[in-house]
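Trainee: As you go down the protein sequences, you meet chains A and B in turn.
Numbering of the first sequence is given in numbering that gives the first Met the number 0, commencing with residue 0 and proceeding in unit increments.
Numbering of the second sequence is given in numbering that gives the first Met the number 0, commencing with residue 0 and proceeding in unit increments.
Please note that a few of the clues may not be correct.
Stretch-level coverage of chain B by chain A, calculated; a stretch enters the list once three of its residues show a Cβ under 8 Å from a Cβ in chain A [stated by the list, open to error]:
{"#": "1", "segment": "108-121"}
{"#": "2", "segment": "134-146"}
{"#": "3", "segment": "318-325"}
Worth flagging that the hints you see were computed from the coordinates, not collected in a lab.
These numbers come from a predicted model, not from an experiment.
For every residue, glycine included, the Cβ atom is placed at its ideal position computed from N, Cα and C.
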Amino acid sequence: MALADLRPRPSARRRMNMFYLLDTSGSMRYNDCIGSVNRAMPEIVGILREISDSNHDQSDIYLSCITFDNEARELYDAPVDVKDFRWADVKAEGLTNLKAAFDLLEAQLQSGAAMSAPAGHLRPAVLLLSDGDPDDGWEEALDRLQANLWFRQAYKIAIAIGCKPSNIEMCRALTRFARPLDAGGEPVIISIDQLDRLYDVIKLVSSTVSRIGSSNAAAGGRSPAQRIRDAIVNDAGNIVGVNIPSMLDDGQGWY
Amino acid sequence: MPSLSPGTVITVSDGSSLTVIAYIASGGQGEVYRVRRNPGGREMALKWYTNRAIIDNPDFLKTLRHNCRHKAPSDAFLWPEAVTDRQYGSFGYIMRLRPEGFVDLGKFFCIDRNPQAYFRSWLAKLTACIQICDAFSRLHNNGFSYQDINDGSFLIDPFRGHVLICDNDNIVSDGCSNGVSGKPHYMAPEVAEGNTPDRASDRFSLAIILYRILMIDHPFEGRSTTSDENRCLTPDREMLLFGREAVFCHDTADRSNAPVEGLHDNSILYWRYLTSRLQRAFRIALCRRAIVDPCCRIRASSWKQMMLAERAALVTCHAAPDVPVHDYLCEGAKPDLCPLCGSMTGAEVWLDFGDAMPAYRLTASKPLFLGESFVPEGICRAVNSSGVDSLVLENVSRHTWHIVESGGRRFKVVPGAYCRLVGGASINFGSWRAKIEI
Ligand SMILES: [Zn+2]
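Bound-form chain B, shown alone (with noise of 0.2 Å):
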C-alpha cells in the first residue's frame, strides 16, 4: 500500500509545496511518486522514504540538504532539487521524472523477460559508457562518491546510449558514510568487509558495471563460481567470490573462472569484438591485484579517454542497402570483410584533429561526434557520382564550416550542405580543426 495518496500536500524546506498526483514506484529504500510542485505547477518526481532505518537516521537527511545545496555534477545525475520538510512520519526529496525510453540496466541482462532491452548498436554502447564515465569522473572531481554503484543504479537509452543516474541520495563526500555499504556483485571486497565506500570502491563497481554494459555477463562469473563447489551460493561464498577471492573470467593468470558456454555465452562472444586495447584495460582493471588493492583501480576519467578512442575508430557499415546499419569496434586498419555481415568493407577517410582529440575514422553513415559531445556535427554518408564511390560528410550542425583545400581553394559549407572529403584538406569546424586523410 503507497503510504501517501493522491491530492496529498507535502510542504518542501524552501517553503514551497507538492501535491501528490500518482504512486509510482516502491524499492527498498522507499517509495517513488508523481508530484506537481506549487507554485509553477511542474511536474516532477518525489522519492518518499519508508525505510526506518533511514527515516530514523538524523545524518542521511543532513546529508541529502547538503546534496541538494550543491548542484548536479552533470545533466546525467537525477539529482536531488529540494527536500522536504519531515511529515507524515518521514521525509523525502524531489528530482526530475524520468523520461520515456529509459529502461533498468538491469534489464539489460534478461532480454528472456524484456524483450526490447538491449543495445540497438556499439555506438549506443560507447555512449552509456562514456557518459556513465563522465558523470562519475566529475562526481568524483567533486569531492563526492557515489558508494553504491550498481545494476541499480543507471537508466539507458537503448537506442542512442543515453544515461540517466538515479538514487543520488547515498552521494556522500568522500571519506563519510552514510551507512550504505552496496550490493553484492558490484561492492568492492573492502566494503563487503565493513570498510567505508569511497571513489576507490566506486572504482571498482564502475569497471564491473562498464564491462556489463559492453558483454551483457558479470566479469566474475564463470567455471568456478558455477561449479558443483558452489552449487548452493551462500552469502558468504558470494561474498567472497564477487570481492575479496573473484577471479575475472577473462584473467590471462588464472583460467580456473573462465566463462561456461551455455551459461556465459556473452562474455565469450563479445570479447572478441572488442578491441585488445579494450580487452587490456579489462584485463588491467579486474586483474587480482586491482580488486584486492584500491590503489590499482582504473579512474573513471581514463576510462572516458579510453572509450572516446573506441568511438572515434568505430566503423560502421552500410555495405548493402537491404542490410540495416551496424557497427562494430575496430583498432587501427579496417578488415577487407566485415565481421558481422561479411560483405566487402566500404572506403574510409581519417580526420586528424593532433593533439586535441584522438584521430577520427569516417566510414558511410557514421556520425561525426567533435570532443566529448553526443550531439553529431556531420554525418559521412557514401556516394556514387560516374561509377565512382567516395565519402562526403554532411553539416548537420547549425553553423558553417570553412575548407581549404591542399591546393588552396577554400570554400564553405552551411549547414544541411556536405562536402567531398578530399585527401589533403583542412576543415575548420569552429572549436575544432582537422585535416583530412585518405
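Isolated chain A, as found in the complex (with noise of 0.2 Å):
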C-alpha cells in the first residue's frame, strides 16, 4: 500500500481583478506619452506579480486591460492572472471614444469569467487613463457602468493627462468616473501637468492600489480606500508637475 500524500492544497485565495481603461487617442503621441504607457505597463505587470506572490493566501491579482481611440479594444476578454498576462504594445491614433471602453467594461464586470472566482473576490480596481475630452455618449455608458454593483465597490482611480481649462468635458468625465459610490472615502484623481511624469505617476499608482486593495491592508483606523488616497496623495503629489485636485462636485475643484 503506497504512503498517503499528506502535503496540503495551496488555501483558497480570493481574487482582485484590476482593470485599466488607457487612452490610446491620437494626442497620446505627443510628448511621447504612449511610449510611457508601452514603458511602464511590462513593469507594472512585474511588480503586480511581486505584490501577489508576497500576498501568500491573501489574493490573486488579476489584470485586464482595454484601449480606447476611435473604437476600445481588450487586450483579454476577462482579467488573467498577471503571473500568465503579456503586454503588447499599444499605438496611438483616432478619437477619444471612452464610451466604448465603458461599455467593455461593463461587460467585463458582468461576464461570469471575470467575476467568479471559487473563492470569491476582493474589490476590484478600476484605473482610467486620458488625455482629452472624450467624445460623446460617455455619460450614458457611465450612468449604466454606475449600476454594477462590481464597479460601484471598485476602488475608481482617474488619471488625467495635460488636461487645460478648456478640457471642461475631460474634467467631467474623469470626476464622474472618480465617484467612490459603495468604496467609501474621497476619489482619487490625479493631474499630471509635466507629461514626463506619467511613466512614474502610472507605476506609483498601480503598486499602491494593488498592495493595499490586494491585501484589504486597514492601519491606524484608516480603510484600504482613505490608505490608497493618503498614499497616492503623499507619494504622487510629492513628484513635481503632479497636482491631486481636489474634488468635491461635477469638474468643481480643478482649476
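Two chains, two frames, a set of hints: combine them into the complex.
Mentor: Written out as C-alpha cells, the structure reads:
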C-alpha cells in the first residue's frame, strides 16, 4: 500500500481584479505619452506579480486592459492572472471613444469569467487614464456602469494627462468616473502637467492600489480606500508637475 | 529604490557603528539590510524604517529602546539588539541575520507558489507549535504583548519545525500601545474595533496561527465566508467575518461555516488526523464565546502543555523498509493498521515519567525528547534478533544513562550505545527518570 500524500493543497485565495482603461487616441503621441504607457505597463505587470506572490493566501491579482481611441479593444476578454499576463505595445491614433471603453468594462464586469473566482473576490480596482475630452455618449455609458454592483464597489482612480481649463468635458468625465460610490472615502484624481512624469505616476498608482487593495490592509483606523488616497496624495503629490485636485462636485476643483 | 547604499556607515546609540553591506528586502514598515558591526565585524541584519508614521512617532523609538534593554524572552525571537541614532532622515535597529532553511509561515499556505514550503512530519508541526507557545508564554510572563501576531511574524524550518519570530519592534509592555493594530484574518475583534492589543488579543491570534500550522487553511474560512453573499469581500465584511461574527469551520454548535470541499480541503482532511483532545481544544479556543470574550481564550502555556502531550504520544511508523519514515498523532492505544501506509503497526513501549512529564510512547524510529527539549536524548530502533522483533533505545545524548532492571540488575548505557527496552526496568537519564512499560 502506498504512503498517503499529506502535502497540503494551497489555501483558497480570493481574487482582486484590476482593470486599466487606457486612452490611445492620436493626441497620446504628444510628448510620447503612449511610449510612457508602453514602457510602464510591462514593469507594472512585474510589480503586480511580486505583490500578488507576497500576499500569500490573501489574494491573487488579475489584470485586464482596455484601450480606447476610435473604438475600444480589450487585450484579454476577461482579467487574467498577472503571472500569465503579457503586455502588447499599443499605438496612438484616432478619437477618444470613452463610451466604448465603459461599455467593454461593463461587459467584463458582468461576465461569469471575470467575476466568479471559486473563493470569491476582493474589491476590484479600475484605473482610467486619459488625455483629452471624450466623444459624446460617455455619460450614458457611465450611468449604466455606475449601476453595476462591482463597479460601485471598485476603487476608482482617474489619471488626467495634460488637462487644461478648456478641457471641461474631460474634467467632468474623470470626476464623475472617480466617484467612490460604495467604496467610500474620497475620490482619487491625479492630474499630470509635466508629461514626462506619467511613467512614474502610473507605476506608483498601480503598486499602491494593488498592494493596499489586494490585502484589504487597514492601518491606524484608515480604511483601504482612505489609505489608497493617503498614499497617492503623499507620494504622487510630491512629484513635481503632478496635482491631486480635491473634488467637490462635477468638474469643480480642477482649477 | 533602497534608501541606504552599500558602504553607508550608520552610528548606533551605544557608540559603535555599522557598515551597510547589501539590501535584503522591504516591507510595509521599512527595509532590511545586511550590515557589518564595527568593531568586531559580526554580520547582522538592520531593519531601517521608511514608513513616515513610524519615523515621526517619538513613542515608537522610545519603545524600541526600552525593548532593547530587555533581553529576548527566548532564543526564538529575532530580538532588537541595538538601536541606531536618528540619521539620514530615519532610524532602525539591528538583530540576528535570518539563517538559511527558514521559510515565512505565509508560504506554507500556498504550496503552489512555494513547492518546498510544507511540513515534512507531524513532529515538525508540533515542534513549531511548542516553540511558538513557549515563546509567547515567556513573552507574556515578562509583561509584554506582541500586538500583531500574523502569518508574517514567523519563520519556520519545514523539516524540523524550529521557529524564529520576527518583527519584534511592535512588542510593547502589556496595556501600552504603539499604534500598531494588526492584520485582517488574525486580529481580535476588539482590536479591529479600536481597542489596544494586549495579551488576550495575542491569544486570539495565537489560536489561529496554531490551527493554521496544523491544518494550513484558515479556521474561519468556510461555506459562509465563500458564499454568494460574500462574493465581494469588502473590508467591512471581512472585519466582521474574521472578527466579531467569525464562526469556526468546525464549530459544533453552528455549522453555517463548515469547510467546503474543493476550497477548504486541508481543513477537512487534516482535521481527521487530529486527536480528539486537540479537536476539543480548538473548539474551545475558537468557539463564539472565545471570539467575543477575551477572558475565554486559551493561554500560550496551556497550549504548550497540550502540544507536548501530543509529541509524547505521537507514533512513528517505519513498517516497510522502502517507505520513508512517517508519523501521526495518536491518543491512547495505537491502531492495528497505520492510517498513512496501511501496514501493520509495530511494537510500542511507554516511558512513565510520573508527574514530571506526560508518559512517552516509543515506536521504531521515534526520537525521545525529555521535558521541553528539542534535542533528542535517544532514538528508538526496531531490532530483530533470532526472529523476534523488539525495540531498543539508542543513547544519542552526551551523558551516560543508568538502568535498573526489575530483577535488580544494574548497568550503564554510554553515549552511542543502546539498551533493550524491558518492561519494569527504570532508566535514569540524569535529570529525568522513567519506568519502562510494555
Ligand atoms: Zn505507516
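Trainee: Compare the structure with each hint and give your call.
Mentor: A quick look at each hint next to the structure:
Taking a C-beta to C-beta cut-off of 8 Å, the segment 108-121 of chain B contributes 6 residues in contact with chain A, enough for the three needed, and the coverage statement holds. Only when three residues or more bring their CB closer than 8 Å to a CB of chain A does the claim for the segment 134-146 of chain B stand; here the count is 0, and the claim is violated. For the segment 318-325 of chain B, the proposed coverage by chain A is satisfied: 3 residues have a C-beta within less than 8 Å of a C-beta in that chain, meeting the threshold of three.
The structure does not agree with numbered hint 2 stated previously, though it agrees with all others.
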